[in-house]
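Listed below are the residues making up each chain.
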Amino acid sequence: AQSVAQPEDQVNVAEGNPLTVKCTYSVSGNPYLFWYVQYPNRGLQFLLKYITGDNLVKGSYGFEAEFNKSQTSFHLKKPSALVSDSALYFCAGAYSGAGSYQLTFGKGTKLSVIP
Amino acid sequence: NAGVTQTPKFRVLKTGQSMTLLCAQDMNHEYMYWYRQDPGMGLRLIHYSVGEGTTAKGEVPDGYNVSRLKKQNFLLGLESAAPSQTSVYFCASRAQMMNYGYTFGSGTRLTVV
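As you go down the protein sequences, you meet chains A and B in turn. For the first sequence, the residue numbers in this note's numbering are 22 to 136. For the second sequence, the residue numbers in this note's numbering are 99 to 211.
Here chain B stands alone, though its shape is the one from the complex (with noise of 0.2 Å):
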């Protein structure tokens, strides 16, 4: 089924320790975002991506980088986490026509101890 699939679906970090979020999505999409969603916060912007090979900035970039080598893929660093990286992360995507609205990923829960 063509969506946005995001990996891993669950993560336990040490504190210091690094990874790498997955988000793929096959529908030739231009742009991708990466949020975060902590309670009462609703989702907040971390970065973005326009096209292969640009990223920039959201509300909340500090803490995490960002790639976009391949069109299909938007992958989120984290170089060391801390435990207020503990969150919800979700990746969606959109085609360049706003009509068809944004595609959501089901969420990764990372939790950082």
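Okay, chain A solo, but in the shape it has when bound (with noise of 0.2 Å):
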């Protein structure tokens, strides 16, 4: 079995100040890892992915996430948060079941970035 976990179900942070998202995994086998962000009545939209390769990983608007085998975490940063960074952000993750790489996503984390 796999999962996804976001152990936040809010996150607050101030604008311009270092911003981090948590996401722990459970993978069969190499894990594929991705972030995606939805904004309000919006759709997913695909911020970066870990696929194989360094365990830094940067993605779109500015944000960054580590790959970290022996802690199981792939949490999302970025330096200075914006306000418009203000959105759900998702952490997912997939696995070998039957070759279909099925995505997993965690349960979702609110960020309120605060003027």
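FYI, nobody ran anything at the bench for these hints, they're computed from the structure. Every residue gets a Cβ at the ideal spot worked out from N, C-alpha and C, and that includes glycine. Check before you lean on any hint, since a few could be wrong.
[Said to hold, decoys possible] In silico lysine-lysine, DSSO-like type, Cα no more than 27 Å apart, as pairs:
| no. | chain 1 | residue 1 | chain 2 | residue 2 |
| --- | --- | --- | --- | --- |
| 1 | A | 131 | B | 112 |
| 2 | A | 79 | A | 90 |
| 3 | A | 128 | B | 168 |
| 4 | B | 112 | B | 155 |
| 5 | A | 43 | A | 90 |
| 6 | A | 128 | B | 107 |
[Claimed, not checked] The following residues of chain B were derived to be distant from chain A, with all beta-carbon distances above 12 Å:
| no. | residue |
| --- | --- |
| 7 | 106 |
| 8 | 109 |
| 9 | 114 |
| 10 | 116 |
| 11 | 117 |
| 12 | 139 |
| 13 | 151 |
| 14 | 163 |
| 15 | 173 |
| 16 | 204 |
Once you've looked at the hints, go ahead and assemble the two chains, each given alone in its own frame, into the complex.
Here's what the structure looks like:
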């Protein structure tokens, strides 16, 4: 079985401060990990992914994430938060289930950036 | 623009009515997925397909059926809608290589009254 956990339902951060949205995973074999962002009444927007290679992954809008195999974590980070970063963030992981690589999502973390 | 298109975008159904949600992709992707999104639950997999003519159950398949008669289309059917199926439905597709990731549609907001 695989699972992805986002331990925080909500994260509040002041504008200009660094932000971290946490994600831990339990995936069979080598994991493929993703971060998506969703703005109100919108679809999912891809931020970044870890497939293989460097543990530090850089993505869209200045976001980055570090794959930590020993801690089974894939936390999303940004050095300086913007009010426009306020949204719902989803971590997701994929594993090879009958070759389909089904994507399993965390429950989401609501990020609020306070001006 | 290449991508995943979902129709309709919004729908209100009465309990017991049936409907079909259409997902179409023009990227020649092999794999297609249907998810539902509910508050505090994240996205949960309903059904998926690994190629034309194939379908398989995901985490929450009850009350739904799917078909993939053509490679580019993945249909999600509700035979007898229930209020518990009120949700936002997302379709996704991906190519054979994981490097390219998944492409999501913009969603269908379904309300069952």
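Results of checking the hints against the structure:
1. A:131 x B:112: Violated, at roughly 32 Å.
2. A:79 x A:90: holds, 17 Å
3. A:128 x B:168: violated, 32 Å
4. B:112 x B:155: holds, 25 Å
5. A:43 x A:90: Distance ~14 Å between residue 43 of chain A and residue 90 of chain A Cα, so the pair holds.
6. A:128 x B:107: holds, 23 Å
7. 106: Holds: least Cβ distance 14 Å, greater than 12 Å.
8. 109: holds, 15 Å
9. 114: With a cut-off of 12 Å, residue 114 of chain B remains clear of chain A, as the shortest Cβ separation is near 27 Å.
10. 116: holds, 25 Å
11. 117: Given a closest Cβ separation of 20 Å, the condition holds.
12. 139: violated, 6 Å
13. 151: It holds; residue 151 of chain B is separated from chain A by about 15 Å at its closest Cβ, greater than 12 Å.
14. 163: holds, 18 Å
15. 173: The claim stands: residue 173 of chain B keeps its Cβ more than 12 Å from every Cβ of chain A (closest is about 18 Å).
16. 204: Residue 204 of chain B not clear of chain A: closest Cβ-Cβ about 4 Å, inside 12 Å.
Checked against the numbered hints given earlier, the structure breaks hints 1, 3, 12 and 16 and satisfies all the rest.
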